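Residue numbers (our numbering), protein chains in the order written: chain A, 1 to 152; chain D, 1 to 152; chain G, 1 to 83; chain W, 1 to 83.
Certain hints may be false.
[What the hints assert, rightly or not] Stretch-level coverage of chain D by chain G, calculated; a stretch enters the list once three of its residues show a Cβ under 8 Å from a Cβ in chain G:
#, stretch
1, 4 to 13
2, 44 to 50
[Said to hold, decoys possible] Among the chain D residues that face chain G by a calculated CB cut under 7 Å, a handful are:
#, residue
3, G34
4, V89
5, A116
6, P117
7, W119
8, W134
9, V135
10, A137
11, W148
[To be verified] Which chain D residues stay away from chain A? Per the calculated CB distances, all over 10 Å, these:
#, residue
12, R23
13, D25
14, T58
15, E63
16, W68
17, D72
18, K121
19, E123
20, A145
The hints are simulated quantities; they were obtained by calculation from the structure and are not laboratory data.
Owing to the predicted nature of the structure, the values given are computational and were not obtained by experimental measurement.
Glycine is no exception: its CB is placed at the ideal position from the N, C-alpha and C atoms.
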Amino acid sequence: MIVKVQAEDFDAAAEIRTLIGGRTDVGAVVTFTGLMRGGEGATLTLEHYAGMSEKELTTIAEEAAHRWPLTDLLIIHRHGTLNPGDQIVLVATLAAHRGDAFAAAEFLMDWLKTRAPFWKKEEAGGKTPGEAKWVEARADDEKAAERWEEKE
Amino acid sequence: MIVKVQAEDFDAAAEIRTLIGGRTDVGAVVTFTGLMRGGEGATLTLEHYAGMSEKELTTIAEEAAHRWPLTDLLIIHRHGTLNPGDQIVLVATLAAHRGDAFAAAEFLMDWLKTRAPFWKKEEAGGKTPGEAKWVEARADDEKAAERWEEKE
Amino acid sequence: MQLLYFAWVRERIGTGEETLSLPGEVTTVGQLLDWLAARGEQYAAALDQRSHIRVAVNQTYVGTDHPVSDGDEVAIFPPVTGG
Amino acid sequence: MQLLYFAWVRERIGTGEETLSLPGEVTTVGQLLDWLAARGEQYAAALDQRSHIRVAVNQTYVGTDHPVSDGDEVAIFPPVTGG
Numbered sequence: 001m002i003v004k005v006q007a008e009d010f011d012a013a014a015e016i017r018t019l020i021g022g023r024t025d026v027g028a029v030v031t032f033t034g035l036m037r038g039g040e041g042a043t044l045t046l047e048h049y050a051g052m053s054e055k056e057l058t059t060i061a062e063e064a065a066h067r068w069p070l071t072d073l074l075i076i077h078r079h080g081t082l083n084p085g086d087q088i089v090l091v092a093t094l095a096a097h098r099g100d101a102f103a104a105a106e107f108l109m110d111w112l113k114t115r116a117p118f119w120k121k122e123e124a125g126g127k128t129p130g131e132a133k134w135v136e137a138r139a140d141d142e143k144a145a146e147r148w149e150e151k152e
Numbered sequence: 001m002i003v004k005v006q007a008e009d010f011d012a013a014a015e016i017r018t019l020i021g022g023r024t025d026v027g028a029v030v031t032f033t034g035l036m037r038g039g040e041g042a043t044l045t046l047e048h049y050a051g052m053s054e055k056e057l058t059t060i061a062e063e064a065a066h067r068w069p070l071t072d073l074l075i076i077h078r079h080g081t082l083n084p085g086d087q088i089v090l091v092a093t094l095a096a097h098r099g100d101a102f103a104a105a106e107f108l109m110d111w112l113k114t115r116a117p118f119w120k121k122e123e124a125g126g127k128t129p130g131e132a133k134w135v136e137a138r139a140d141d142e143k144a145a146e147r148w149e150e151k152e
Numbered sequence: 001m002q003l004l005y006f007a008w009v010r011e012r013i014g015t016g017e018e019t020l021s022l023p024g025e026v027t028t029v030g031q032l033l034d035w036l037a038a039r040g041e042q043y044a045a046a047l048d049q050r051s052h053i054r055v056a057v058n059q060t061y062v063g064t065d066h067p068v069s070d071g072d073e074v075a076i077f078p079p080v081t082g083g
Numbered sequence: 001m002q003l004l005y006f007a008w009v010r011e012r013i014g015t016g017e018e019t020l021s022l023p024g025e026v027t028t029v030g031q032l033l034d035w036l037a038a039r040g041e042q043y044a045a046a047l048d049q050r051s052h053i054r055v056a057v058n059q060t061y062v063g064t065d066h067p068v069s070d071g072d073e074v075a076i077f078p079p080v081t082g083g
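Please model the complete structure; the sequences and the hints are all you need to start from.
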């Protein structure tokens, strides 16, 4: 299990290669990569609660490993200031079969979105740059997370 | 949209980079990679219906693009003889939001498993190599594909 | 008619491809399968479990009622197992 | 008590971190939030919409009934928006 919180960019392919590590019992690899969307000049600043962010991602990762028969999994989440197109987050799940890998990856993202202590502040950029604004939490992220509660 | 049927291995990261092509309206990238499982010396031979296999994958890709608001998507499927750990198939979906990217990727795999004209023949290898055997179609793949019928 | 066989259907029949002329009474996929199965032991062995046989006419999946004619490319194969 | 504030809670209070001594009557998270909100306008502005406030004690999410004491690290922040 790999859990990292870092300012630097990551090489998803290299991280997944490390995670697989030459094993030949992995039939399915599902990845989710979150990218920054935005127009030219826009910036996104990710604040996090150093210490708790890594601890909480580890808890979420352990919960996924407990719920599904996974070979392994990883979560990498960046903090700091990002530009459009930049990678924000990577989740990868390895399993013998695809159903488990897909379900665990969706679960990881849903829980991460509602539990990992990160906060996004956006500045739109462009010709009339406005004030930077904190992104508001979305009700459908809460709803997405809730669907996993019944499956314990 | 990229659809390829090929004997050669693929570089998933490079393929996805090409698909994104510098766009900054993509918030979510979901990938599924299918790998060959098996012990030392095992081989997997993938036969396909040249002509129809690419046509059918294109139909499946178009159906996904029709059902979900995707930025783009790709399917790469190999044929020929593979060894344990080798990549078999890659599906990637790009979307503004993760729910669409996840659903479309699962859909693509479920339909691909039940409709794309490929057939796997396995040889176990090891110290007592047996006869090569055709993999049997799985009832739960049919079931997984059926769940998308109602959502039209 | 251009006939294509794949996977164990191909192995049991002993060839991946052949060209045959249809008798006039064979006008549907179902009749084609019956007619082929009667051509010999190998064909019968390949086609006897009809629930395990899939057919594509001109590279499109069809059912047993689908019409066939001499100009078609007809592929006969087991349920697919790719991915 | 070590207090940590994040995102707009931090900006409204005007600091990300401070150490305060609790009065004896403050023994739960709810009482702590009430006591902080009464410390001045900035605290009130940060903490008035209680449904938008999350609290972690020693890096674990807790509810308003959770006990607090001077040795704790208590973080106060808005709903998270990572991922």
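Verification of the supplied hints:
| no. | hint | verdict |
| --- | --- | --- |
| 1 | 4 to 13 | violated (count 0) |
| 2 | 44 to 50 | holds (count 4) |
| 3 | G34 | 6 Å, holds |
| 4 | V89 | 5 Å, holds |
| 5 | A116 | 5 Å, holds |
| 6 | P117 | 5 Å, holds |
| 7 | W119 | 4 Å, holds |
| 8 | W134 | 5 Å, holds |
| 9 | V135 | 4 Å, holds |
| 10 | A137 | 4 Å, holds |
| 11 | W148 | 15 Å, violated |
| 12 | R23 | 8 Å, violated |
| 13 | D25 | 6 Å, violated |
| 14 | T58 | 21 Å, holds |
| 15 | E63 | 18 Å, holds |
| 16 | W68 | 15 Å, holds |
| 17 | D72 | 13 Å, holds |
| 18 | K121 | 17 Å, holds |
| 19 | E123 | 14 Å, holds |
| 20 | A145 | 12 Å, holds |
This entry does not satisfy hints 1, 11, 12, 13, going by the numbered hints stated previously.
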